[in-house]
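Participant: Listed below, chain by chain, are the residues.
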Amino acid sequence: MKNRDKEWKQIVQALLEAGLEAAAWDYVTALRGPDVPCKWLVKVVFTGPLRCENTHQAVVGASDFRRLSLESITEASKFAYERREELLHYLMHVESAWWTLHRKVSFLLRRLVSSIPPEDLRSWAKEYQSLVHEWLDRECVIDVGGQND
Amino acid sequence: MSRERNWLKFRLRGAKTAVRAARMNEQVSLAARQALEAAESGLAAALLRWDSSPLTNGEKSWREIIMEISRKPAVLWHYVTALRGPDTIECAHCKAIFTCPLRGRCAHALGKEEFAALSLGEIEQGFIITHEHRYELYHYLQHIAAVWEVFHPPLGELLMNVFLRGVVSPPGDDGLKKAAQRYAELLEEWTQSKHVIMEATDEEPR
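Going down the list, the sequences are from chains Z and X.
Our numbering puts the first sequence at residues 1035 to 1183.
Our numbering puts the second sequence at residues 9 to 214.
Derived from the structure by calculation, the hints contain no laboratory data.
These figures come from a predicted structure and were not determined experimentally.
Each residue gets a CB set at the ideal place from its N, CA and C atoms; glycine is no exception.
Since no wrong hints were added, every one of them can be taken at face value.
Straight-line Cα separation of at most 20 Å, EDC-like style, residue types lysine to aspartate or glutamate; simulated pairs:
1) X:K80 / Z:E1041
2) Z:K1073 / X:E144
3) X:K103 / Z:E1120
4) Z:K1043 / X:E72
Residues of chain X placed beyond 12 Å of chain Z at every Cβ, according to the derived structure:
5) R11
6) W15
7) K17
8) R19
9) T25
10) L55
11) R57
12) S60
13) S61
14) A124
15) L128
16) E157
17) G164
18) I205
Throw the hints in and build the complete structure from the sequences for me.
Facilitator: Written out as structure tokens, the structure reads:
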């Protein structure tokens, strides 16, 4: 089963079965959307993919992310970048969750909130979109270094 | 103890013996034997606690709380989405007052001990500051209140009234201090309960 078809509980289970309790903690604490009032797109872009297939009604999930165009992801990234100080706590939790799931996404998110920001947000968004889809299309939850890419 | 429980315990002992035999066998790979060691200690812990009374909520970890409510998907969702502290402001004691008690024992982050370390005065002060910033904290408080509405409804109602509906009686700091005291009392009730969802399972009259 691909990650995109899994429920969040299956992700937690996979992490716990691998003995990665700290990673499971990082993952569950990234499941809530941002508390800072912001665009719906921000939640879809950064929280949606982590929730995978969401079975709860009216709750943002990976399928919402899948429907987004590159322009929408760029728009959300621009918003997150411009308000990165307010969104820092939220984005750091999202970044920590990706550390075990797909490390390249984690590094990419660090660039977004770092003092040396990405020069071209469209390219950043394109890379983010591609890496997130790469993980969603995988069957393995945990990043073991380029498996079934 | 029912015959079925006896039988299950007997089978669990058998499983532990089988796991131990595999763990001791050097033909089994080292990685598998290491995993079996963890399995053996897990089985030993289960057998040790087989007849002991359930933990109180105050003794449970976030994983044990999740396990207990795992068959209620909506409740479980409310719970996990309330585990992160607030994103918005550096509110004095806000995380320790509202998030930490829900986390229970937590090896990787601040847990229930953070709340236990607070004085009543600090909790009262936290209520006053949280109330001042209730609009910035609205999303966060909504998630916290949603969990308590299921875990311990009077506590959920209290948080809803004070922070989401703005009903404080008497109005002002005195009302908020009174609400903080009630919060601490209700939280203590939940901490002493052996059921995460109190209303559905506790026997004491409500």
